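Listed here are the chains, written in short residue letters.
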Amino acid sequence: MIRKPFAITLDPGSSLANHTGSWRTVRPEYIDRLPPCNHACPAGENVQRWLFHAEAGNYEDAWRALTDDNPMPAVMGRVCYHPCETACNRAQLDEAVGINATERFLGDEALRRGWKFAAPATSSGKRVLVIGAGPTGLSAAYQLARAGHAVTIRDAGPLAGGMMRFGIPVYRLPRDVLDAEIQRILDLGVVLELNSKVTDVLEARRDGAFDAVFLAVGAHLAKRAYIPAGSAARMLDAVAVLRSMETGEQPLLGRRVVVYGGGNTALDVARTAKRLGAEESIIVYRRTREKMPAHDFELEEALQEGVLVKWLSTITQAGESSITVEKMVLGDDGKAQPTGEFETLEADSVVLALGQDVDLSLLDGVPGLETDEGVVKVGADMMTGHAGIFAGGDMVSGERTVTVGIGHGKLAAHNIDAWLRGKTWEHPASHELATFDKLNPWYYADAPRSQAPILDSVRRQSTFDEVVGGFDETTAQFEARRCLSCGNCFECDNCYGVCPDNAVIKLGPGERYAFNYDYCKGCGLCVSECPCGAIRSVPEET
Amino acid sequence: MSEQPVRFYQTGTFTVGNRLLPEDERSVQANMRRTNSLNSGHRACQGCGEALGARYAIDAAMEATNRQLIAVNATGCLEVFSTPYPESSWQIPWIHSLFGNAAAVATGVAAAMRVKGRSDVRVVAQGGDGGTTDIGFGCLSGMFERNDDVLYICYDNEAYMNTGVQRSSATPPAARTATTMPLGGSAGNRFGQGKNMPVLAMAHDIPYVATATVADLHDLEAKVKRAMEFRGARYIHILVPCPLGWGHGSAETVRMARLAKETGLFPVFEAEHGVVTRVSKIRRKLPVEEYLKPQQRFAHLFHDPPRRDVLDLLQQMADRNILRYGLADETEAAA
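The listed protein sequences correspond, in order, to chains A and B. With our numbering applied, the first sequence covers 93 to 634. With our numbering applied, the second sequence covers -15 to 319.
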């Protein structure tokens, strides 16, 4: 006898019995893609990761994530040419995220609050000599010390910092910031020996019983150009001028200064001359603004400060109070061609900023070590042809920036560490790139880029005060929150919301999500509505 | 430097949730303990807009009523795919009767609750556009006219999809359905026919009328919540794209709803007592082609040569909506 109401023979059931996952021909998968900022960073910073912490106001976590790769964020937040921002996907939406200024905020915040690096957990008993206390050497020393090795840095100069101190003017990098970030690395137990020029690397290695050596002496020899000059003509080189700014004896440049060259160093000298009281500070460059190797924002700042540029010109002769320049035209190959037209410029001094060479003399007679066009040859592991001697920074082939140096130092340290342990270091496999077409930009609210305060132009022409100011906390956090988090889930709940089949499981804060493949029909809505491209569709195996 | 709001976060306004917002400021759908009124295992097509819209709306209604809710369902896709006897995907008290009488049944449920003194239990009636604008229109108009205490939600996918994509009075002009096949010179649904259901609801002067889409969850949830603050007859009309009937990819459902709103073809607004009180402005204005082209039901407009004349008429419809409801962003209008 059925004890059920009329016409009801079956018990009610839940649709959960119906596993609609069997309909699926493609399946969604969570993935991490490589954000373009991370991809572009020569120091290998995980930019998206530290911005993620900064967005939440967890500045110390952000700083610790950042300093995994780069021990000097306050310096880099000032002097880096931020290829990350050039690559930033947000530029295709409105403007790139102000990564560099946010990095500076974190660096300054760390100095203000006195955050320190965690002491090395273990000691390897191995000794490493780092030659050169510039960004490359300091970066390597930092990473090696954290890995438990005993590190000694030797530098020929009276102060640590290398080109950060002797090449970059004070108005771009205040020295208290530089000193504090160097000291924080030394606090890890790194020994710094100044005024100790290494003249023979093998001897230094043997005498100090060092297990490995890292060469990072930089490129400090100014390149010369042959310019017929009268005996009274005052010719200087840019490296010497910038160095003398640090050592106390201010260079005598006169009222009319001509700087010859088109790189960032030329701009640094021209802007320094202006601040020293030069009435005219003129850059002479043989090609055009578009062809200039200096960064455009630095040129723009220089022009604002009253620096003049003579484009398409070469110096053919230098006299006591004037120089002769020849006008050039750009040939079809982009190279400057002389025209035979000449012009005279008044000049009390001429500063040559034509690039720098590496002093390779300390490497004489090192077996196996090879050089090529004035730089040291290294393998992908940053090791020279001589076992246990590694090199990086300006003295090897590559772009010569502080950021590249930091990256070289880190890369070399990984390899030195592995080599000391009898292993080889493998670069972790990279994720696929999170290009703009992987994003769903609809979801990002409109937010114009924050601008850092700039010193007024009068003070920029007469003092060495820092030109670009920093963000306050509010602005830094706002800027961090402009990050699109390309290719990396930031837990916006979109996939969890837009699934018509309730087949996305939310795992809770910090835990992201999982798919319930029992019910996921493979419609792909989560993939197309994920703002940051952290889900992909893959064909279901048949 | 001027102060900037820190609260802004990447996607704060538009995404379902946001790890940095307080829980009470996130959407109902972001909550790990949402009701999931319409649970997994239902038989809706891949990427179904109606299944999505129904869970959005009913979960929000459950939240707004402290989970004291009874839903009455008209016949249609939503009923068929969710409740093939003896299974159901509904995790709430839910009743189905006929195609045309959901509003009348809901009236009865509301009356029963009144008699029992259960003023805390609220009633929702729901149906597709067929059950609302065609077959159930008489019952619904009566419910409005009597101002019965029911929220009626129409999930509008613009045709009878469950039975094979036949035209309804909510099918837009030029859309091809199984019953508006290309015949003679003009293909697709005719211009100048059909019903504008939200406007008809407003004409009854009921307390609350709103339109929404599955592309703007925050707006949709706010409207359900607002509707539950009124007693009497209320009507919400939700545009729910149908991958099957519209002929777009299953992953495009939300995008189609977004484009319907951004082109101006589907005005999103709310009205109280017959007066429009708020409209959702168009954020990034787009020509109607952007919305029409990805849909197979409009493919006949884009053959060689394209039907510029028909596209112009559809653009005029969008422009009229923009003018009529003031959908254009002021800053854009000024530019």
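It should be emphasised that the hints constitute simulated quantities derived from the structure, not laboratory data. Just so it is clear, the structure is predicted and the values come from calculations on it, not from any experiment. Certain hints may be false.
What the hints assert, rightly or not - Derived DSSO-like pairs (lysine-lysine); straight-line CA-CA distance at most 27 Å:
| hint | chain 1 | residue 1 | chain 2 | residue 2 |
| --- | --- | --- | --- | --- |
| 1 | A | K598 | B | K209 |
| 2 | B | K277 | A | K530 |
| 3 | A | K315 | A | K208 |
| 4 | A | K208 | A | K218 |
| 5 | A | K218 | A | K383 |
| 6 | A | K383 | A | K315 |
| 7 | A | K218 | A | K315 |
| 8 | A | K530 | B | K269 |
| 9 | A | K530 | A | K598 |
Unchecked claim - Some chain B residues flagged as far from chain A (calculated, every beta-carbon gap over 12 Å):
| hint | residue |
| --- | --- |
| 10 | E34 |
| 11 | Y40 |
| 12 | T49 |
| 13 | V105 |
| 14 | P156 |
| 15 | F175 |
| 16 | K179 |
| 17 | N180 |
| 18 | R242 |
| 19 | E246 |
| 20 | R268 |
| 21 | E273 |
| 22 | L297 |
| 23 | R304 |
Cβ coordinates follow ideal geometry from the N, Cα and C atoms, glycine included.
Pair hint A:K598 and B:K209, alpha-carbon separation not exceeding 27 Å: Cα-Cα ~24 Å, so holds.
Closest CB of chain A to the CB of B:E273 still more than 12 Å away: 18 Å, holds
Straight-line alpha-carbon gap A:K218 to A:K315, limit 27 Å: Violated: A:K218 and A:K315 sit about 38 Å apart, past 27 Å.
Agreement of A:K530 and B:K269 with the hint, judged by alpha carbon distance not exceeding 27 Å: 22 Å, holds
Proposed proximity, A:K218 with A:K208 (alpha carbon, max 27 Å): Holds, at roughly 24 Å.
27 Å Cα cutoff - pair B:K277, A:K530: Roughly 22 Å between the alpha carbons, so the hint for B:K277 and A:K530 holds.
B:K179 non-interfacial with respect to chain A [C-beta, more than 12 Å]: Nearest chain A Cβ is 27 Å from B:K179, so the label holds.
Least C-beta distance between B:R242 and chain A, which was stated to exceed 12 Å: 7 Å, violated
Proposed proximity, A:K598 with A:K530 (alpha carbon, max 27 Å): Satisfied, since the Cα-Cα distance of roughly 22 Å is no more than 27 Å.
Non-interface label on B:E34, tested against every C-beta of chain A at 12 Å: The claim is violated: B:E34 sits with its nearest Cβ about 8 Å from chain A, within 12 Å.
Distal placement of B:V105 relative to chain A, Cβ over 12 Å: Label holds. Min Cβ-Cβ 21 Å, cutoff 12 Å.
B:L297 remote from chain A - nearest C-beta pair above 12 Å: 28 Å, holds
Consistency with the previously given hints fails for numbers 3, 5, 7, 10, 11, 18, 19, 20, ordered from lowest to highest.
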